[in-house]
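Participant: Let the sequences and hints guide you as you build the complete structure.
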Amino acid sequence: MEQMTPPQTAELAPEKPRSGPWAWCRENLFAGDTWGPIAFNAFLTVAFVLIVLNLMGFVTTYLFAAERRWAAVTYNMKLLMVQAFPQDDLIRIWVSIGIFAVLVVWSLASWEFGGQISVEKMAQGVRAAFVLVFLTGIMHHGEGAASFGLPFLRFDNPADWSSIRTWIELASLAGAVAAHFFAQAAHRRESEQTVPILVVPVLGMALVTLALWTVWLPVPEGQFDETTARIATTTARPWTILFGVTILAYFVGIFLHRQRPKLMRRVLISAWILSYPIIIFVIQRDPILDWADILGFGETPFLSSDLGTLLIFGILGSVVIWVVGLPPNRAVTGATVGILGVIVGLMSFAFGDGPLWSTVLMAAIGLALVAAAITIHEPVEMVRAAGAGLAMLALIIWFVPMPFVYRTFMVALALALLSAPVFGGTEQGRANLVRAWIPISFLIVAAFLLGGSDTSLEFQSTTFLGGFNLTILLAISGLALSLPAGLVLALARTSSLPIFRLLATGYIELVRSIPMITWLFFGSAMLTAFLPSGVEFDEIVRVVAAIAIFNSAYVAENIRGGLQAINKGQYEAARAVGLSVVQSTSLVILPQAIRTVIPALVGSIIIAFKDTSLVAIIGLADVLLIARNFVPQQSDPNFQGTLTQMMFFMALFYWVFTFTISRLALRYEKSIGLGER
Amino acid sequence: MSKPTEGPVPTRPPLWRNIVVIKWVAQLGSLIALVWLAYVLITQATANLRATGIPFSWDFLGEPLGVKLSEGFNTDPESGLEALSVGMVNMIRITWSGVVAATVLGTIIGIARLSSNWIVSRIANSYIEFFRNIPLLVQILFWQALIIGVLPDLTPDMEGSRWLFASPKGIAIPWLIPQAGRWQYMVLLAVGVVVARWTYKKRIEILEREGRETHAFGWATGVFLVFLIGGWFAHPIAGVLGWLFQALAWVAGNLPVISFQWLMGGLSLALAAWFIVRYMRKLRSPAGMAKLTDDDYFRLGVAGFLGIVLFFFFVSGAGEATIIRVMGRSLTYKMNWGFEPLFNFLATKYDFSGGSPLRFSLPEVEVPTNFPRYASDAGNSMTPGFVATWLGVTLYAAAFIGEIVRAGIMAVHRGQSEAASALGLHRAQSLRLVVLPQAFRVVLPPLGSQYLNLAKNTSLGIAVAYADVVQVGQTIFNQEGQTLPVFIFWMAFYSSVSLFLSGIVNYYNRRMELVER
Amino acid sequence: MAAKQTGNGSTPAIVCEGVKKWFGDFQALSGVTTTIGWGEVVVVIGPSGSGKSTFIRCINRLESHQAGRIVVDGREMTNDLRNIDAIRRDVGMVFQQFNLFPHLTVMENITLAPIWVRNRTRTDAESQARQLLERVGIPEQADKYPGQLSGGQQQRVAIARSLAMNPRIMLFDEPTSALDPEMIKEVLDVMKELAESGMTMIVVTHEMGFAREVAHRVLFFDYGTVVEEGTPEHFFTNPQHDRTKLFLSQIL
Ligand SMILES: Nc1ncnc2c1ncn2[C@@H]1O[C@H](COP(=O)(O)OP(=O)(O)O)[C@@H](O)[C@H]1O
Ligand SMILES: [Mg+2]
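These protein sequences, in sequence, are chains A, B and C. Residue numbers for the first sequence, in my numbering: 1 to 677. Residue numbers for the second sequence, in my numbering: 678 to 1194. Residue numbers for the third sequence, in my numbering: 1195 to 1446.
Careful: at least some of the hints might be erroneous.
What the hints assert, rightly or not - A few chain C positions that, by computed beta-carbon distances, are all more than 12 Å from chain A:
{"hint": "1", "residue": "F1220"}
{"hint": "2", "residue": "I1378"}
{"hint": "3", "residue": "H1400"}
{"hint": "4", "residue": "H1410"}
{"hint": "5", "residue": "D1416"}
{"hint": "6", "residue": "T1419"}
{"hint": "7", "residue": "F1430"}
{"hint": "8", "residue": "P1433"}
Stated by the list, open to error - Heads up, simulated DSSO-like pairs for lysine-lysine below, C-alpha to C-alpha not over 27 Å straight-line:
{"hint": "9", "chain 1": "A", "residue 1": "K670", "chain 2": "A", "residue 2": "K121"}
{"hint": "10", "chain 1": "A", "residue 1": "K262", "chain 2": "A", "residue 2": "K670"}
{"hint": "11", "chain 1": "A", "residue 1": "K568", "chain 2": "B", "residue 2": "K968"}
{"hint": "12", "chain 1": "A", "residue 1": "K568", "chain 2": "B", "residue 2": "K959"}
{"hint": "13", "chain 1": "C", "residue 1": "K1338", "chain 2": "C", "residue 2": "K1379"}
{"hint": "14", "chain 1": "C", "residue 1": "K1386", "chain 2": "C", "residue 2": "K1338"}
{"hint": "15", "chain 1": "A", "residue 1": "K610", "chain 2": "A", "residue 2": "K568"}
{"hint": "16", "chain 1": "B", "residue 1": "K968", "chain 2": "B", "residue 2": "K745"}
{"hint": "17", "chain 1": "A", "residue 1": "K78", "chain 2": "A", "residue 2": "K610"}
{"hint": "18", "chain 1": "A", "residue 1": "K262", "chain 2": "C", "residue 2": "K1379"}
{"hint": "19", "chain 1": "A", "residue 1": "K670", "chain 2": "C", "residue 2": "K1338"}
{"hint": "20", "chain 1": "B", "residue 1": "K700", "chain 2": "B", "residue 2": "K968"}
{"hint": "21", "chain 1": "A", "residue 1": "K568", "chain 2": "C", "residue 2": "K1439"}
{"hint": "22", "chain 1": "B", "residue 1": "K700", "chain 2": "A", "residue 2": "K568"}
{"hint": "23", "chain 1": "B", "residue 1": "K700", "chain 2": "B", "residue 2": "K1011"}
{"hint": "24", "chain 1": "B", "residue 1": "K1026", "chain 2": "B", "residue 2": "K1011"}
Keep in mind that the hints were calculated from the coordinates and are not lab data. Quick reminder that beta carbons are idealized off the backbone N, C-alpha and C, glycines included.
Facilitator: Quick look at the structure:
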């Protein structure tokens, strides 16, 4: 990437003589060669300046009017962020944020994210920010200020200026002037001086920290307790600690990166994947979560507790994959496959309380399939056939009564066996397979903890997940599910096999033609009907499933775009050197495709994030529902009728998030140089 | 030189190593597994629903709903189907007006974004960044909050008509209210569009043949104006269509059902046969018949299979029942639904009576009790739900359309218009003949998908109680518990809308491509 | 015939009998019959669109023929998965557009198939790759990405990538057509060296000098079939067919 810098500088226009503000106005506001265009542009300029000033005047006047009760936001901040999460346990939320922040800065360090921003540019940015603050302050006026549609005329009515605002105005004016001179000086010196771009977010965080310790946010009258009303009292200390930890972690990350760069990246990827279940199930866990049950020394027998299940399947699966991952001789493979078939076939007895004959029949069919696999003469094909047989078996007993988690494990094991001949075969390959299997087992068990049914415990996530916490959870879970699903759909839609293509196309088009809200209704009100009786997932899980159904179609279309952008020759070359279909796709095509679609995928992430707000309609207490219904209508008489300002706040809140993500994505897009191809 | 030596005797590979066999077994196996899974899920769902005491049924379509709708052509529907129809019409109403407004606004923004005027392009840019980064639902709720929370209430002293009312009860604007004569007038306008188009083409032809300025656009506008103005007075002529509709109604109502059945059945077979013959003919070339691959067999097989299945469907009892429904020979869920009632309805609208097509009317506030409200037959009074949803989807879509338009113009920018002016076209000509057609081609596909998004986004009106098809559907399943049928209904409705919209886009796309060659 | 017998059995390297292939309604191959012995270097020439690429792509089953038979190293190309896999492993192919994997380094490009298909250990595969890079003359480029190499270097990496599977037959589809003139020689030199080492090669090319110098036999393709074949001297000095004469007059 470093090689890319010279052409960029080369593209810069030749240095122009510095033009004054007048020349700038002439060029950009009153452009034109003859009087006609000049007059037209002048008209446009004046008209739009007036419109914008009036609009800003209206907005600031509304926002800062005396009767606005912004304490509705500050006081309810905890409600908005985490809803009913117990006050005493808030440390868990902070720890979650801390883990997230550390992972982020370590990733920044490890992938050497950065780049520099010139001092001049930064000074200009600071100047713009101060000017914005200053203008906002001017706009604000109280009742009865004279106005002729020209908001700046209100300047002459300082009667209602509170002193603090005067100070803010003066300070921002001074700041703007200082920044301006700084920028000028930097420009005159033509200094190539730069600062790391990371300084900008650090400064932002520092400002927030400072504000939390100093700014006294308004407190409504009435029954409020002064100590809790001020958001700063509860958040200042944790936020400061977080700030320090993040900065420290960044340098630690840099140090680690210097020592063992490859290892660090590998660990980080696993850490990102594992951080999700750990944050949800371990750190933010439902306070009533019964650890005895999970660890297997409670009422449930150890073998059907979560830890037991994890151990059984983790170890059993690892052993099986280890043995067949490097096909030994026929006898060993056959024995392994046979034993596996017997164990899995017998499992349906262990939990069967349906009609015995059906269980027996299904197990028999599955065992026959596995047995047929053993008759094949080559170990590799034997493994393949066993995988197919197991997959059939798992599908068949999917509806036999037994814990859902076991069925899921069987399907996963079948898939692992199917891929063993493709990705195994070498010492390293099988080690990779086993390494992949262990976190998969962990994720499956963790997912069933959240699902909360048919595992060894009752777990009602709806009761403690809420607010912005829920929004994030929904967005991440929905994406995590829809990425692999979208990948499979995209591969099917671009495959040469007509039935697969037809099915995938049908699914994608059907799903995309229907609005998301109907899918959410499907998830929340109808999904349960399709599950075996007695199996019921928590509403959050069902909604995540609905989001995944919906998102996967969009993700699939994005990935399809990437697949189609790849030269057909790549696939042919991969086949010509002897790679199989699956290997060609996963080792050659997909890595390239994913790289090209990352910008589009970030687009989907933004859309997914925005779309989570729809769950408010079906009554999940996400941040939007709280802001719209709970705060203005239910929580407190003090906040009755604050709907409009809560909506103002929501718009700003979402905007800041989405805008930041999209800017980061843009920066990333530029850094990987999409112009390259 | 070397004659082909005999290699080893060719052996057929064993089935499990035969690529073609594996390929089709895998596909058919997956298909069967899927069908089987669907079957299991459906039986499961049937059983589960029966266990809850609300078995799957479509009966609610014919039963009275007992709920009033907030707006629509019939706020007090007599049956579920009628309520859903009101919802569908409301959805279509907001969609098409939103599409028109968003296109206009989006185009303006896209052009403004490229303006050389710093303020204008900055404002357009901020508009885009602002509106597309806030969830649409938040925007809709925000507009609703503004309408409810910021606008002043109606007061009794506002009684009477004005040009504009804005209050928490909604927004009322002047409107052209359709009158009895609109049906005939619409026909004349449609004829006017066709004739104007024809005139335009003819004038262009003359221009190309004789090389003189023919003012094609002016002519077309003139012709249309003639129809617009003349039609106002002459529209009763269109009453002749009434006879046509009567005849159609008679055909739909009186021809024996079996004749429709055989017609449709024959059509299915004929279509399949046509496809197969055409396919085979394509594979034959002067060099001889190509060898059919397994994929060819699959396509031919599917075509034949579908043809035969459709044939048997139409000649069976199920086909008979379907045709009776579609023709409208039996009352469908207490609604007069089908071709015969439709044609009868149209026949009553197209008579030779006069009556002005449209009436201009200002909104009005009336005070029947202590509470002032908008008069129902004056102007166009829009509910807060409608206004919030409409504003939301329109402004949101306009941001995306602005980006699309900008990209479209950029895509053809410099070189093309320079080339055009090098050829001696003036600015307007180069815009019309060179830049716009090309920009349109770039813009059309993403624009089509934005329209689809807009159509789907109107479903968010449910959050502000706008009675579109989703909101009505939700009301129904809250009342009757019939969640699955309602969901299927939604699926069918929205898929039809999507198919319709993408059909239009594809049609223009294809025409554009033809133009290109 | 100078072809050396290096194959293991008595069967020739490649036998084609009446090979036909359609794309939809277009017949790209209309009955190709030829036999290629072990160690033979066959150059295929012919006008554009005459089916040269389609022919050699049928030999390693990147396209499947629809009539006739192709026997490679005693294995017939049928729908048998195992034969196809085996043949792909034993037949290397070099493309006009190189088709190197842009997301992998040169080293990874070369070792990918040996590791995943032949189950070699990484160190083993890498030491072999180094030898191959040495052989094609670019040992110092191992850790670069394909995008950082010149066209000629890329094509030599592509040859090394094919050789890493220890193929017994190599197919070249216009390997020098996408190269600047000054890079053509470096690729042709590698191919010459390969031919001298006794590799069985089918080369589609318009490099007549290469054909004269290296080929044992020349096949002339037109309208999907072999119109004329013979030794280079015979072919270039004394062509029989009108089509061939016309083509040679245009190209020489
Ligand atoms: N995948 C394909 N689909 C349709 N037609 C093809 C395909 N590949 C090749 N053809 C056609 O087959 C003919 C022979 O192509 P090719 O073997 O590439 O010719 P050559 O390599 O001799 O130039 C050409 O007319 C080409 O258009
Ligand atoms: Mg070719």
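Participant: Next step is simple, just say for each hint if it's right about the structure.
Facilitator: Each hint tested on the structure:
1. F1220: Consistent with the label, F1220 (chain C) stays out of reach of chain A, its closest Cβ about 18 Å off (over 12 Å).
2. I1378: Its Cβ never comes within 12 Å of chain A, the nearest being 20 Å, so this holds.
3. H1400: At about 20 Å from chain A, H1400 (chain C) clears the 12 Å cut-off, so the statement holds.
4. H1410: holds (24 Å)
5. D1416: holds (25 Å)
6. T1419: holds (24 Å)
7. F1430: holds (31 Å)
8. P1433: Label holds. Min Cβ-Cβ 32 Å, cutoff 12 Å.
9. A:K670 - A:K121: holds (18 Å)
10. A:K262 - A:K670: Answer holds: K262 (chain A) to K670 (chain A) is near 24 Å, not above 27 Å.
11. A:K568 - B:K968: holds (25 Å)
12. A:K568 - B:K959: Given pair K568 (chain A), K959 (chain B) holds - Cα atoms ~26 Å apart, limit 27 Å.
13. C:K1338 - C:K1379: holds (22 Å)
14. C:K1386 - C:K1338: At roughly 26 Å apart (the allowed maximum being 27 Å), K1338 (chain C) and K1386 (chain C) satisfy the hint.
15. A:K610 - A:K568: Outside the cut-off at roughly 36 Å; violated.
16. B:K968 - B:K745: violated (65 Å)
17. A:K78 - A:K610: OK: K78 (chain A) and K610 (chain A) at ~21 Å, within 27 Å.
18. A:K262 - C:K1379: With a Cα-Cα distance of about 40 Å, the restraint between K262 (chain A) and K1379 (chain C) is violated, given a limit of 27 Å.
19. A:K670 - C:K1338: holds (22 Å)
20. B:K700 - B:K968: holds (19 Å)
21. A:K568 - C:K1439: violated (35 Å)
22. B:K700 - A:K568: holds (21 Å)
23. B:K700 - B:K1011: violated (50 Å)
24. B:K1026 - B:K1011: With a Cα-Cα distance of about 22 Å, the restraint between K1026 (chain B) and K1011 (chain B) holds, given a limit of 27 Å.
Checked against the numbered hints above, the structure breaks hints 15, 16, 18, 21 and 23 and satisfies the rest.
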